[in-house]
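Here is what each chain is made of, one letter per residue.
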Amino acid sequence: MAFLEIDGLKKRFGNVEILKGINVELEKGGFLVLVGPSGCGKSTLLNTIAGLEQITEGQIRVDGRAINDLHPSKRDIAMVFQSYALYPNMTVAGNIAFGMEMRGVPAAERQAAIDKVAKILQIGHLLNRKPSQLSGGQRQRVAMGRALVRDPKLFLFDEPLSNLDAKLRVDMRIEIKRLHATTGTTIVYVTHDQIEAMTLATKIAVMRDGEVQQFGTPAEIYNNPTNIFVADFMGSPAMNLIPAKIDANGSGLSVVLDREARQPIVLPMSGAPSGLAAFKDKPVIFGVRPEALTDPEGAERNASNIATADCHIEVVEPAGSDTFAVTNLGGKGVVARLRADANIQPGTSTPLAFNLSKAVFFDPATEKRIL
Amino acid sequence: MSAVASPAGQVASGARARTLNRIVIYGLLALFAIFYLMPLFVMLVTSFKTMDEIQNGNMLSLPHAPTFAPWIKAWSEVCSGLTCVGMKGYFWNSIKMVVPAVLISTLLGALNGYVLTKWRFRGHTLVFAMMLFACFIPFQSVLLPMATILGSLGRFGVTLQNATGFNFGLGNSTVNLVFVHVVYGLGFTTLFFRNYYEAFPTELVKAAQVDGASFFQIFRRIMLPNSLPIIVVTVIYQFTNIWNDFLFASAYAGSGDVMPMTVALNNVVNTSTGVVEYNVNMAAAMIAALPTLIVYVVAGRYFVRGLMAGAVKG
Chain A
1 MAFLEIDGLK
11 KRFGNVEILK
21 GINVELEKGG
31 FLVLVGPSGC
41 GKSTLLNTIA
51 GLEQITEGQI
61 RVDGRAINDL
71 HPSKRDIAMV
81 FQSYALYPNM
91 TVAGNIAFGM
101 EMRGVPAAER
111 QAAIDKVAKI
121 LQIGHLLNRK
131 PSQLSGGQRQ
141 RVAMGRALVR
151 DPKLFLFDEP
161 LSNLDAKLRV
171 DMRIEIKRLH
181 ATTGTTIVYV
191 THDQIEAMTL
201 ATKIAVMRDG
211 EVQQFGTPAE
221 IYNNPTNIFV
231 ADFMGSPAMN
241 LIPAKIDANG
251 SGLSVVLDRE
261 ARQPIVLPMS
271 GAPSGLAAFK
281 DKPVIFGVRP
291 EALTDPEGAE
301 RNASNIATAD
311 CHIEVVEPAG
321 SDTFAVTNLG
331 GKGVVARLRA
341 DANIQPGTST
351 PLAFNLSKAV
361 FFDPATEKRI
371 L
Chain B
1 MSAVASPAGQ
11 VASGARARTL
21 NRIVIYGLLA
31 LFAIFYLMPL
41 FVMLVTSFKT
51 MDEIQNGNML
61 SLPHAPTFAP
71 WIKAWSEVCS
81 GLTCVGMKGY
91 FWNSIKMVVP
101 AVLISTLLGA
111 LNGYVLTKWR
121 FRGHTLVFAM
131 MLFACFIPFQ
141 SVLLPMATIL
151 GSLGRFGVTL
161 QNATGFNFGL
171 GNSTVNLVFV
181 HVVYGLGFTT
191 LFFRNYYEAF
201 PTELVKAAQV
211 DGASFFQIFR
221 RIMLPNSLPI
231 IVVTVIYQFT
241 NIWNDFLFAS
251 AYAGSGDVMP
261 MTVALNNVVN
271 TSTGVVEYNV
281 NMAAAMIAAL
291 PTLIVYVVAG
301 RYFVRGLMAG
311 AVKG
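Line order of the protein sequences matches chains A and B. Count the first sequence with our numbering and you get residues 1 to 371, in order. Count the second sequence with our numbering and you get residues 1 to 314, in order.
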């Protein structure tokens with residue numbers, strides 16, 4: 001039995017269904033990230049776990065106990081809000097201790113708990129300041145301290161890093177990960193940033209329009225997306241989704257990518273997934289991540305199926321660690337990820353290696369994964 | 001381009017035009033300020049003059065021999081109707097009315113604003129619209145219905161007196177006025193607090209809920225301590241309105257020793273004992289106006305800031 005179980009959860013506002021039957025599980029000590037674009041219902045889902053929103057149908061269980069009818073304070077959860085929600089009229093210590101004060105914890109015990117948390121988060125020197133006197137990163141720490149001090153069963157984070165600048169966000173992300181590793185707490189975390197999702201999670205639920213599109217480990221989500229939405233949403237730069245055609249030529253199947261004013265590229269699919277044969281002569285969406293489309297020298301050595309084709313390079317973007325090259329396939333700009341020192345010029349043709357063992361195919365009609 | 005090409009003379013004329021504009025604007029502002037402050041000035045200087053000086057001198061001139069006698073007379077001796085005990089009793093009447101009325105209406109307004117923004121219920125906009133409507137009802141139109149209600153409350157007070165030996169203040173003129181002012185202030189105080197709390201981050205309330213704070217704990221520990229600007233605005237507004245109210249005061253406490261300051265001042269000025277003592281009348285009027293002046297001077301900064309904060313945050 002999982003530690004956190006969300007079972008057939010539905011949430012309606014009047015006639016509008018915000019959450020359309022969510023089923024998610026998380027083991028103890030796990031890190032679940034709810035990710036999706038704005039308005040997908042991820043924050044609403046988090047609020048229902050917190051008890052700040054009522055659910056219409058279904059059940060939420062923590063450690064085997066149904067909590068969906070309990071008051072937020074009785075659920076043994078702690079929450080970190082996007083705006084941090086620090087009480088402006090109280091000092092940092094007052095903020096951290098407020099929950100304990102409300103539960104009638106004796107002052108001496110409160111002080112000990114504050115000191116312990118302040119030590120973990122290194123905010124001891126800030127305890128007597130007001131939130132307005134803190135920097136963004138410090139406020140973030142205090143907000144986490146307020147959650148940590150309760151030692152709850154479940155931590156809820158609602159886009160905690162989105163108010164920080166880019167560099168601080170990376171630092172705090174590592175900090176959260178370290179905190180999770182050292183304290184072993186169970187965390188549910190909402191973000192719209194797929195990199196945060198990939199780096200932090202043990203389980204990811206990709207959401208859209210109140211539905212979980214895919215639920216799995218970061219590697220599953222990244223390598224085996226179930227539909228075009230997940231494939232497109234996760235990963236940066238995004239997966240190349242190229243309109244293509246499946247062709248049968250004698251021995252096996254091949255993928256045909258049209259090019260404007262050039263010969264189409266034909267990639268032989270030896271050992272192709274069997275389901276693909278059903279799409280012979282039909283349009284499919286051929287998905288290949290930028291790192292699976294690279295210069296032949298940089299291609300993965302032990303990949304089982306690599307095909308090389310000459311591509312016309314339109315744009316070259318040196319990004320320091322990598323060089324991104326944009327070519328045109330199937331009427332779309334396609335990004336290839338090359339080694340930083342790859343010798344490549346825009347306006348020339350150069351061979352690119354397609355790692356076909358990492359390629360995925362989608363049905364353009366249903367947007368679902370073929371295989 | 002034109003700045004580069006234009007000769008120096010044109011630049012200078014531009015600067016001259018700006019200076020002229022400034023002179024006109026500040027001149028007008030000064031003129032209006034003088035016009036507005038003139039009555040206050042006349043009142044103030046007259047209240048320190050002797051009657052001889054008033055009768056023979058210029059209204060605007062400063063007193064030759066400033067005297068506090070008119071102020072002392074106004075405070076403790078002046079006649080209102082047939083009783084000649086000064087304004088001090090009526091001053092305290094007003095204080096006894098205004099302090100509870102302001103505190104209760106402000107607190108209830110804050111509570112209303114809190115519920116209307118952070119604990120929304122079905123039909124909350126309708127309730128708010130109806131409370132807003134209360135702001136636009138002319139007070140004259142409620143004089144009679146309110147008199148009927150106060151009469152019933154008074155009779156209920158007598159019943160309570162007979163039953164329990166204590167009337168809980170019902171039927172007392174000061175309590176009546178507090179009640180009336182609380183009821184009619186509620187529309188405004190609710191409006192102020194609702195608009196302020198509308199921009200107040202709801203996440204703070206949610207965080208407090210997760211922390212286990214109750215409805216009133218959130219109100220007392222989170223909302224009120226962060227409402228200082230709007231509390232100041234509301235207190236100034238309510239204090240000024242209730243202190244200066246003449247209509248309700250004269251209708252429900254218009255005679256005897258329960259009169260508030262405003263009614264008493266009217267009676268003082270209308271009481272003629274031969275010579276009209278302008279200096280005493282002016283001193284009495286100044287005494288009547290002082291509390292609101294003091295409140296504004298002390299808290300005026302917050303008043304403007306509070307109004308601005310509401311305007312910018314929307």
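Rather than coming from a laboratory, the hints here were simulated on the basis of the structure. Heads up, a few of these hints could be off.
Residues of chain A placed beyond 12 Å of chain B at every Cβ, according to the derived structure [as the list claims (entries may be wrong)]: (1) A66; (2) R75; (3) Q82; (4) L86; (5) E101; (6) R150; (7) L179; (8) A303.
With the Cβ distance kept under 7 Å, some of the chain B side facing chain A (calculated, not the full set) [claimed, not checked]: (9) P201; (10) A207; (11) L228; (12) P229.
Note that CB positions come from ideal geometry on N, CA and C, so glycine has one too.
Now for the hints, and whether the structure bears them out:
{"no.": "1", "hint": "A66", "result": "holds, 19 Å"}
{"no.": "2", "hint": "R75", "result": "violated, 8 Å"}
{"no.": "3", "hint": "Q82", "result": "violated, 7 Å"}
{"no.": "4", "hint": "L86", "result": "violated, 8 Å"}
{"no.": "5", "hint": "E101", "result": "violated, 8 Å"}
{"no.": "6", "hint": "R150", "result": "violated, 8 Å"}
{"no.": "7", "hint": "L179", "result": "holds, 19 Å"}
{"no.": "8", "hint": "A303", "result": "holds, 48 Å"}
{"no.": "9", "hint": "P201", "result": "holds, 6 Å"}
{"no.": "10", "hint": "A207", "result": "holds, 4 Å"}
{"no.": "11", "hint": "L228", "result": "violated, 9 Å"}
{"no.": "12", "hint": "P229", "result": "violated, 13 Å"}
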